[in-house]
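K.L.:
Spelled out from the first residue to the last, the chains are:
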Amino acid sequence: MDVHKISELFNQDIVVINIGLESFADNLKKEGVRVLKLNWKPPAGGDKKLASLLKRLGR
Amino acid sequence: MRKVLIEKDSYYDSVFLMLISREVKKIPGVRDAVVSMGTEANRELLKKVGFLTREAEQAAPNDLIIAVEGDNDEAVSNALQSARELLISKKSEAKAEEEYRPVSLDTAFKMLPDSNLVIISVPGIHAAREAKIALENDRHVMLFSDNVSLEDEIELKKLAVSRGLLMMGPDCGTAIINGKPLCFANVVRRGNIGVAAASGTGLQEVTCSIDRQGGGISQAIGTGGRDLMESSVGGMMMLLGIEALKNDPATGVIVVISKPPAEDTAKNVISKLNETGKPCVIHFTGMKSREQSGNLRFAGNLEAAASMAAALSSGREYRPSTFTLPALEIEQLVKHETAGMSRPQRYLRGLFTGGTLADEALILFEWEIGSSCGVYSNIHTIPERILKDPDISKAHTIVDMGDDLFTAGRPHPMIDPSLREKRILKEMHDPEVALFLLDIVLGYGSHVDPAGAIIESLKEAKKQAKNRGGYLSIVASITGTRGDFQNMEEQKKTLESIGCVVMPSNYQASMLALEIIGKAA
Chain A
1 MDVHKISELF NQDIVVINIG LESFADNLKK EGVRVLKLNW KPPAGGDKKL
51 ASLLKRLGR
Chain B
60 MRKVLIEKDS YYDSVFLMLI SREVKKIPGV RDAVVSMGTE ANRELLKKVG
110 FLTREAEQAA PNDLIIAVEG DNDEAVSNAL QSARELLISK KSEAKAEEEY
160 RPVSLDTAFK MLPDSNLVII SVPGIHAARE AKIALENDRH VMLFSDNVSL
210 EDEIELKKLA VSRGLLMMGP DCGTAIINGK PLCFANVVRR GNIGVAAASG
260 TGLQEVTCSI DRQGGGISQA IGTGGRDLME SSVGGMMMLL GIEALKNDPA
310 TGVIVVISKP PAEDTAKNVI SKLNETGKPC VIHFTGMKSR EQSGNLRFAG
360 NLEAAASMAA ALSSGREYRP STFTLPALEI EQLVKHETAG MSRPQRYLRG
410 LFTGGTLADE ALILFEWEIG SSCGVYSNIH TIPERILKDP DISKAHTIVD
460 MGDDLFTAGR PHPMIDPSLR EKRILKEMHD PEVALFLLDI VLGYGSHVDP
510 AGAIIESLKE AKKQAKNRGG YLSIVASITG TRGDFQNMEE QKKTLESIGC
560 VVMPSNYQAS MLALEIIGKA A
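As given, the protein sequences belong to chains A and B, one line each in that order.
The first sequence lines up with residues 1 to 59 when you count with our numbering.
The second sequence lines up with residues 60 to 580 when you count with our numbering.
Treat the hints as calculated values from the structure; they're not laboratory data.
This structure is a prediction, so every number in the text was calculated from the model and none was measured.
Ideal placement from N, C-alpha and C gives every residue a C-beta, glycine not left out.
All clues given are correct.
The calculated lysine-lysine pairs, modelled on BS3-like cross-linking and capped at a C-alpha distance of 27 Å, are: (1) K191/B to K41/A; (2) K85/B to K149/B; (3) K41/A to K106/B.
If you want the ones that stay clear, here's a sample from chain B, every Cβ over 12 Å from chain A, calculated: (4) G88; (5) L104; (6) V108; (7) N131; (8) A321; (9) G336; (10) M346; (11) S352; (12) P379; (13) G429; (14) H439; (15) E443; (16) K518; (17) N546.
The following block holds chain B by itself, in its conformation from the complex (with noise of 0.2 Å):
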């Protein structure tokens, strides 16, 4: 039993529908339900799952679309009164929390004139616009939107670049501010290395990293990834950045990261790194560690990043190593996970909601065995290692999950970790699965509890791969801090309860998944 119902012109955010979503499926008798705005987008996921009504097919964009499955007519008509009654409850929570809410910059400006940061997550479509304007009025802007064309990015750069203004984005979802974090960011200890980053989880890898290594961050600031990749943007908002960090008393060491930049970028921002005579730290995706160049160091991945710039910040010797445990557990934890394996199990399904973290494994893996037994993924930079199709995986693969393929229409997988528990439901029954290489990132923005979401399947899967006679491995890595509402400690508490591997880093676990991936097979 289906029902779609449609609220004409009532515009909520999709972090807010998701949370409605969740709470509608909870109720006794509901299958499965979808809750959100009717974007072309959402319209073509509702067409999916078999919800795509004629009065749904005619949504606009700025009209609900409530969509429930239920057992009978009785319970779909009590979770769509449910659902409705939740929106008016948590819309008028919101509005007895706030007086007025301003409905354009123009006014928020009046009504805030020291306000100096405007953080925009509206749809691609819509973003530019609000940021043309903020910009105007003087004001930084941190874009998290994507979907924003290259050329409104690099009209929006220029423009901030004339102003002296920080434009974070588009695509920018991590930032840390005089020690505020931004949209997806984790709560770290301030201190004297400041960080300029083209890549999301990059940055929080690395600041967390950092964190942990007794380091702190003075200013972080993130640029979008295509900052540096698109030699049309050539890293605009990336130089602006070093030469803020540059004239910052506060920040002692500067560290800087990338996806693979184009050329003539890289060039321009490690000359201009040069300039600053500051100690600075490098890592751009895919560089293998160079030697020490003046004032320059090359990292060849992102802890050895975090541990170069906190031995610089704090005077100490690096020393490079692969992994934190001895060279004798690490042989043992290898046997352990092994062990139990059977003849067929051999691959690695690398289930990620990182980008640049299943960047970084994918290119370990590619390095370590990819001339002799192929990595597949749906982000390959090789097309004939794409995916075919990103739902079915081969050999071993690594998935990014927040990838625009899994997206459309829907929250990211760090918010909403429903779609990779489904891939494990399914990876699980692949014989030839070996081990899950997994990331889980907290800190403000993700989900509450992403492991505890996660757990239970990952437990069915490890216990599938037993009645088969065989063991899967899984190895973990948590992205964040002490400092992080999520409880880091709770978190490894909670994988490490039904025998996952929780390492240091992402590079240690991937590093570890090779060792135990290269014995199974």
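The following block holds chain A by itself, in its conformation from the complex (with noise of 0.2 Å):
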């Protein structure tokens, strides 16, 4: 089992990408971590059917 980059994340500051609930995110910056939160809406405007088929497509 390689866990150099378990390791690695260990030993650096963590920088966070968040997607989703924007409050894990706000509560990670009052900690002073550096937090990009991305603007997630669903794919296909939540429509299950064109969403599987775009995953189909891999977009």
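Bring the two chains, given one by one in their own frames, into a single complex with the hints.
P.N.:
What follows is the structure, given as structure tokens:
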């Protein structure tokens, strides 16, 4: 098992991209963590059929 | 008077909308309000409360639904207007705070090339896609979302292991990486105890208890509950996490916590821990304490796991005990709590927000009194003991209010205490209830004042019992630290102000509840 990337993470500051609940990003900012919030929206406007089609197309 | 407004193509997250709902409910003349996205689960919820109009029925998951019930037309119109203004002002606040927010992960990676962790909490059906992109771009992932399929979980974890990356979750609520609390985690002291847990509130209870005993945490890795329970996942992330903690020079002691694991997985995890050569403490829910074996110690409950780890970490000897308070004080406490009870009062109602805490209490009650009188729950593993209707308690009942049965389409009770408050107000009318057993979970992500949010209902419940000539005992524990923003001391004072007994851990609260119930019957 190669865990050197996890060891690297343990020795760096965490830098986070947050997708979803904004409060998670806001709480990390309060702890001094650099965070980028994604302006996420459901793919295909939340249309399940279209979203699964996009998934199959690898988009 | 009811009105429903649909805003096409306006996405907001569920916690943000819960806050807006709460504000709108405070407007004079408003009886009830729901502000939510038009997902299937939310539409089902609106139907239950009678808000599902024809327009709402046709809303898409990306459409916003604002539903208001008020005293009259004017109150409803005002409330709808206020809801729209609140949404606009909150959104512009967010926009003012940041210049640009990317819409895709690819752009985000370009904007923040040194990012090393992606936290995902979007609805489950979309979550795996984002997690896969993150892993393929060499980022560690914390996947908070639930409702991710088992197939997706296995695929993601295989990908993560092949690339040597953390894939915490799905359904991972808590982790602490480099001292930073992620999602629902508490502010705990740093130290040399590394934790790997397949249980969110289990991880919180153990890390908080370690903190209270003077120990500290190096890293706390969450794996998601299915990692060990499902033999097809086989503890992939737990095994990787243990390997990482083994290699971490800052970790001197390893603690592993899980809900009941699959047999083969348990063996593999134990053998992996054995290989680390570091002192390890293991607690699987439902496992009684066992003799030490080499570098491995087996704890019978969450608090014991924390105590063993704290002792190992500081070179102290571990002394097992049920209660922190001396036996005489416990005896007096039990006498005090049972003295005023009336004849019909004999049953326990455990109303929990933390899943593992509910599990722990349920198992303790099953062990002690299960064979003689039975304990019912929505999370029981014995089919005959599962509540037929999770909203209606029976005899001794322990409810996990964070179960999917209660949370579909609404925020978790740790965020929104209103569901538990309603349950308290319902349970208080049952003259056979002798005791409420509660958890109060603090930390980031949780409600700002979880004790304050239910205190009025608890006060009312005590009053109702008194009016019937009895006494309602309320026993609680607080999962939190002095560093948590909710102020642990204030939370304790709030509970004690109406005569609740606050114990140092969920285990001790459950054991005291057992003593009281034993004497009440």
